[in-house]
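In my numbering, the protein residues as written are 1 to 216.
Simulated from the structure, these hints should not be mistaken for lab results. All C-beta atoms in this analysis are idealised placements derived from N, C-alpha and C, irrespective of residue type, glycine included. Some clues are possibly wrong.
[Said to hold, decoys possible] Under the rule of at most 16 Å between Cα atoms (straight-line distance), these lysine to aspartate or glutamate pairs were calculated in the EDC-like manner:
#1 Lys123 x Glu98
#2 Lys199 x Asp146
#3 Lys48 x Glu68
#4 Lys140 x Glu109
#5 Lys123 x Glu74
#6 Lys140 x Glu128
#7 Lys48 x Glu30
#8 Lys48 x Glu74
#9 Lys140 x Glu98
#10 Lys54 x Glu74
#11 Lys195 x Asp146
#12 Lys54 x Glu30
#13 Lys140 x Asp101
[Said to hold, decoys possible] Estimated spans, in silico, between C-beta atoms of each pair:
#14 Lys195 x Asp101: 33 to 41 Å
#15 Pro202 x Glu98: 42 to 50 Å
#16 Ala66 x Pro202: 43 to 51 Å
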Amino acid sequence: MSRLPLSELYERLYARFGPQGWWPGQGRFEIIVGAILTQNTNWGNVEKAIANLKSAGVLSPNALFALEPQRLGELIRPAGYFNIKAQRLRHVLQWLFERFDGDVDRPGELSTYALREALLAVKGIGPETADSICLYAYDKPVFVVDAYTARIFGRHGMIWPQAGYEEIREYVESNLPRDVQMYNEFHALLVRLGKEYCKPKPLCSGCPLEELPREL
DNA sequence: GACCAGGCACATC
DNA sequence: GATGTGCATGGT
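With the hints as constraints, model all of the structure from the sequences given.
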């Protein structure tokens, strides 16, 4: 495995691409909705779905919870998997209302660990979605692993090929300062790098990381 | 037309 | 515990 310090990788990516300004949406509730809609889905499609929700005036916990499930599906249709995602949004809303009286700020009072566990218990919220919500909606110091992260780290020999989500998350969290802003930028920078240079095909053309030493 | 995109739950072995 | 499959739209 490479001994390239993660902090150096972070600094190089930041120097190359600059601040990414994530999350690309505003407000806690919009971030939560976006985190579910973007599951295995291009962000451009998510933007269309969110625009539909805004136009319909239902991008709030109360309005969205009052919506007929079928109507919700129609509005988020551009984001794909619209039936299952409509259900997942309902599950989050049920959680929000049953446990926090529909107040989207109150989950933030939980500890990082408690919030993460509570989110993971909601049907339709897996590790990446839970961590995205923790980090980007509630400023909790949790690193978000995604498909790009695994692919980039894997191709550069930084993790075992069969490493799972938790393994990769702990690898990052134990090798970087526990810093919300750094986790925020690092994840966004990895997505940026992945979109531009680390696609399934072609493999790594012009990747900026090639300038980095493989072994220090 | 094939492939891909900021996953997840569930079935099966 | 690992692996396979359904879920769906829109861009390249």
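For each hint, the structure was consulted:
1. Lys123 x Glu98: holds, 14 Å
2. Lys199 x Asp146: Distance of about 13 Å is within 16 Å: holds.
3. Lys48 x Glu68: violated, 20 Å
4. Lys140 x Glu109: holds, 11 Å
5. Lys123 x Glu74: violated, 21 Å
6. Lys140 x Glu128: Between Lys140 and Glu128 the Cα gap is close to 14 Å, so the pair holds against 16 Å.
7. Lys48 x Glu30: Holds. Lys48 to Glu30 sits at ~13 Å (cutoff 16 Å).
8. Lys48 x Glu74: Given that 16 Å is the threshold and the Cα spacing comes to 12 Å, the pair holds.
9. Lys140 x Glu98: violated, 22 Å
10. Lys54 x Glu74: Satisfied, since the Cα-Cα distance of roughly 13 Å is no more than 16 Å.
11. Lys195 x Asp146: Distance of about 12 Å is within 16 Å: holds.
12. Lys54 x Glu30: Holds. Lys54 to Glu30 sits at ~10 Å (cutoff 16 Å).
13. Lys140 x Asp101: Since the Cα atoms of Lys140 and Asp101 sit roughly 21 Å apart, the hinted pair is violated (cutoff 16 Å).
14. Lys195 x Asp101: 33 to 41 Å: Between Lys195 and Asp101, where Cβ atoms are some 39 Å apart, the hint holds.
15. Pro202 x Glu98: 42 to 50 Å: At 48 Å between Cβs, range holds.
16. Ala66 x Pro202: 43 to 51 Å: holds, 48 Å
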